[in-house]
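S.K.: Residues per chain are reported as follows:
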Amino acid sequence: MQCPYFPHTQEDLKQMLDKAGAVSLRDLFADVPEEFIYKGEFNLPDAMSEMEVLETFRRMESLDKPLTVFCGAGAYDHYAPAVIRYILSRSEFQTAYTPYQAEISQGTLRYIFEFQSMICSLTGMDCANASMYDGPTSAAEAMMMCVAASRRRRRILVSAALLPQVLDVVRTYADYHGMDVGTVAQADGVTSSDSLRELLSAGDVAGVLVPGINRYGIIEDLTGFADAVHGAGAILAVYSDPSSLAVIRTPGEWGADIACGDAQSLGMPLSFGGPYAGFLACRKEYMRKLPGRIVGATSDAQGRRAFVLTLQAREQHIRREKATSNICSNQSLMALYATVYLSLMGHEGLKRANDLSYAGAHYLHDRLIATGCFEDVFDKPFLKEFVLRSSVPADQLQRSLAEEGFFAALQTEEGYVSFCVTEKRSREEIDRLLAVIRTVI
Amino acid sequence: MSKTIEGLYYSQSHEWVKAEGNIALIGITDYAQEALGSIVYVDMPQEDDTVDVEQDFGAVESVKAASDLISPVSGTVREVNTALEDSPALLNTAPYENWIIKVEMSDPSQLDNLMSAADYAAYCETL
Amino acid sequence: MKYYDKLIFELSSPGRCGYSLPENRWGTSTDGLPDRLRRKDAPVLPQVSEPDVVRHYTNLSQMNFGVDSGFYPLGSCTMKYNPKVNEEVASLPGFASLHPLQPEWTAQGALKLYYDLSRALSTLTGMAEFSLNQFAGAHGELTGLMIMRQYHRLRGDDRRTRVIVPDSAHGTNPASAAVCGLSVVQVRSLEDGTIDVEALKGLLDDTVAGIMMTNPNTLGLFETHVKEIAELVHGCGGLLYYDGANMNALLGQVRPGDMGFDIMHLNLHKTFSTPHGGGGPGAGPVGVVPALAHCLPYPRVIRRPDGRYALMTDKDSCGRISGFMGNFGVLLKAYAYILMLGKQNVRNVGPYAVLAANYIKESLKDCYKLPVKGLCKHEFVFDGLADTSSGVTTLDVAKRLLDYGFHAPTIYFPLLFHQSMMIEPTETESKETLDAFIGVMRKIVEEAKSDPELLRSAPHNTPVGRPDETAAATHPVLKYEDM
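Chains as they are written, first to last, in this note's numbering: chain U, 1 to 441; chain G, 1 to 127; chain P, 1 to 483.
If we strip away everything but chain U, and leave its shape as in the complex, we get (with noise of 0.2 Å):
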């Protein structure tokens, strides 16, 4: 089958091939020694056609079960407007690449630019990068930053209650970037004060990374974290959620030096797992060690505002081995995902968002309790996700809610069982998860 993707013509290729001094394609490999020539059949269908194409990803796809989402744990079913999705198939948007000409990127520089100032509204802190691949990565960079920036220590804290894929991403990068981790405990559920106290009084740590909203989805009270982190000369970065972040309190708020964490909760779907955007932001005295692509303003020389790629040399393609990371690339088209949305949302349809996912939630809350088959397991305020003890065994509860059609009671630890609510799950679709667990427990 000849395949659409090839312009050439027999002529073409003869004519080409003449002026390349060459009789046929096999001459273009003179260079390459004849036993590294592939002449084995590559274990792959025949060509398909375009139907045929459509028709076995339909196939796969048939073999998912649909489910409702009725849990979160770092990636959640939030609400996307019609209007991104039209925006982000412009091909002058989704086919570019980096915006090395400026002259002919000003569409991709200025959202990453609008992009850079939301995300920097959002958490309080001046400066934003122009976006990373995820937010368990952008939290590794964040520590990586913070060992930088102190130029001496190595050693780095993290709390015991952050999300799992975190916590298991950034002992990864520490393992081999030569970060030495401590974890602080948790208490109650939620991240101890006097653990990291303890920890840091040895005087020898750069960073510390703690989340705003916790595995457990409660919302961290903060208070004194920056004043204990500051006073033993380190760096407190923040983990956020940042649809969270219009309506509870930012990490520039409770002081921290950078914030960091995953875009996917501003509209982006699920989709296993990706492509999301991570976001990555600090104070200003940290600017020249942010990782990755960062967009500034400036004119060119008719005086028109123009922006263009800036503080390059931090980056890997000038300092190489000294570079304060390998981030070359960023997750541009999701970061123009991301301030699409929040241009259509405002703080207002934001704010909108959070009650409603909040009110679902604790609504489903109280009549899970009401069942009399769940506890709580800590006392604390939460958002739009929460843990309880259940006494039905959490993977036979999953099992039978998945077989109805629900994607609820997430294990998270043994015996505990998580559930996320957003604004996308009605009063119907609670009430009929919560009429399905009846009959289960």
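Hints are computed from structural coordinates only; laboratory data are not their basis.
Predicted model, so just to flag it, every value in this text is computed and none were measured.
Note that CB positions come from ideal geometry on N, CA and C, so glycine has one too.
Take these hints with a grain of salt, some might be off.
Claimed, not checked - With a straight-line cut-off of 20 Å between C-alpha atoms, the simulated SDA-like cross-links for lysine to any residue are:
#1 39/U x 20/P
#2 322/U x 162/P
#3 365/P x 348/P
#4 365/P x 291/P
#5 6/P x 303/U
#6 6/P x 54/P
#7 351/U x 20/P
#8 40/P x 221/U
#9 14/U x 27/U
#10 365/P x 17/U
#11 6/P x 38/P
#12 64/G x 119/P
#13 322/U x 286/U
#14 443/P x 457/P
#15 19/U x 440/P
#16 431/P x 351/U
#17 424/U x 441/U
#18 315/P x 303/P
#19 322/U x 365/P
#20 18/G x 112/G
Stated by the list, open to error - Selected chain P positions facing chain U (Cβ under 8 Å, derived; list incomplete):
#21 46
#22 53
#23 180
#24 230
#25 234
#26 258
#27 276
#28 346
#29 351
#30 469
Dock chains G and P against chain U, hints included.
M.R.: For chains G and P alone, kept in the frame of chain U given last:
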């Protein structure tokens, strides 16, 4: 051809040193600023930091390049040139009038390992 | 392209609304949270209507240049056509709505796709196993080096902390090595841009973890001594890492696994046609030989003997390097591309890409300086104009190309030459497009003679001219509030 100033000491990594008793004023040479282009940022140590001979103590950044600052002597930083924070381009316009740090030398004999103006000019010719 | 000067914040007016959500009829809200946990002032976000948003971003898009807009010969970036069926499959609702933590038995289709793509990449590269969890090429490199270190550590060989990187390598290589806690040893290139094997020999000992190679290298040249290099590095106990940035040159013809490489990454957004999205999201799968499979990051997707798919964590794994299982949406696109090509057409990707590069090189080498003569692979490097008397630089040529509706090549890289101009046309550009580009490149040579100032002040037909980058970096303005 780039400028040199008599009476200063020069390193192969293009720093100059002006000795004032026990104190060394350290800056970058005209050759260095020309090679870098428009300087946009100078990363400097803090007062009381120690610097070691042939170790980096900061960096100079232009739009498309960055170069580590290598200390020609060992000692303790006594003063940093804060004017460079707002006006890094001073290193372009007057490289020999704008020192970056003042270091109290722990071993002034290290100056003997550096080049004179004439030797440095000859060295630059070979690059 | 027309100049449009608004930022979304500048369209904002208090009371305007661009969202549509149900009224809150629950009777409770976040106002019920304790004061000390709530933010004081609302964030400063735009207050705009839906049509405002659509028009604003449409206007912004019109100041952007993508592969769909025109020829994009950006060296080492493989800006090939991004097929639209890819987008179609990635937006199927059954995949878009899957939660990454939902039970494996409810996500068998997605897991099968992940697994099938990993097998397809294995057959195309000759590597035994792939992890698809990496978000980008640089992320793949970092993971690959973690695997390298983990392999040595598991064998108790803790002294191997040096990694050899050619001086012609992408800057990402040494940066990834440094992030991974390895020290970088540079090996120099010969005049033809290939690795100096004699110099390499002097660097090899029992502290070497491995070598990172890009083949073809950043000059677009095949490293003909790769076999000897592999024997030398393996001989001293090191591993070979293949940077897949330039894999498009070889796709369908040569497999890194057959050349002796132990670990590699692929850039799906280059070689496998997924869109670059203005810098991301991409995907940088990592493949390894059988002896290293246990070191791959977790979670891994496996096919069980009963034909079901499951997630697995190996105790020897180098660790978790991503929140979940990578950019799944991007993986779907790459797999659609592979299915469209099939086992026959995939053989032509490399040869057609190489043909296009050689065609341009041979058509322009009389008026641009070609520092390394002879056959190139998918890309090649000019070192500025052949006639330098006008003083016109590579930057000027690049900017003038924008006026003619072409994207510029990669400029000032590799660092081996002062006026590098790295051109990579890919296999999806027609002869007519290549001829038009060649015509414009020749016209620019004429302009350099007749009117060099026209080039020095280029571009003239773009929404903005050359921005003042020095001002941007000296006094950074990084958010709207600071303007």
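S.K.: Confirm or reject each hint.
M.R.: To see whether the hints hold, each was checked on the structure:
1. 39/U x 20/P: With a Cα-Cα distance of about 58 Å, the restraint between residue 39/U and residue 20/P is violated, given a limit of 20 Å.
2. 322/U x 162/P: It holds: about 15 Å lies between the C-alpha atoms, which stays within 20 Å.
3. 365/P x 348/P: 25 Å, violated
4. 365/P x 291/P: 45 Å, violated
5. 6/P x 303/U: The given pair, whose Cα atoms are some 15 Å apart, holds under the 20 Å limit.
6. 6/P x 54/P: Within the cut-off at roughly 13 Å; holds.
7. 351/U x 20/P: 12 Å, holds
8. 40/P x 221/U: With Cα atoms ~15 Å apart, residue 40/P and residue 221/U stay inside 20 Å; holds.
9. 14/U x 27/U: Satisfied, since the Cα-Cα distance of roughly 13 Å is no more than 20 Å.
10. 365/P x 17/U: 16 Å, holds
11. 6/P x 38/P: 32 Å, violated
12. 64/G x 119/P: 41 Å, violated
13. 322/U x 286/U: 17 Å, holds
14. 443/P x 457/P: Holds, at roughly 16 Å.
15. 19/U x 440/P: 18 Å, holds
16. 431/P x 351/U: 55 Å, violated
17. 424/U x 441/U: Roughly 26 Å separates the two Cα atoms, so the pair is violated.
18. 315/P x 303/P: 18 Å, holds
19. 322/U x 365/P: Status violated; Cα separation ~36 Å.
20. 18/G x 112/G: 13 Å, holds
21. 46: 5 Å, holds
22. 53: 5 Å, holds
23. 180: 5 Å, holds
24. 230: 11 Å, violated
25. 234: 16 Å, violated
26. 258: Result: holds, 6 Å to nearest chain U Cβ.
27. 276: 5 Å, holds
28. 346: It holds, given that the least Cβ distance between residue 346/P and chain U is near 6 Å, below 8 Å.
29. 351: 4 Å, holds
30. 469: 6 Å, holds
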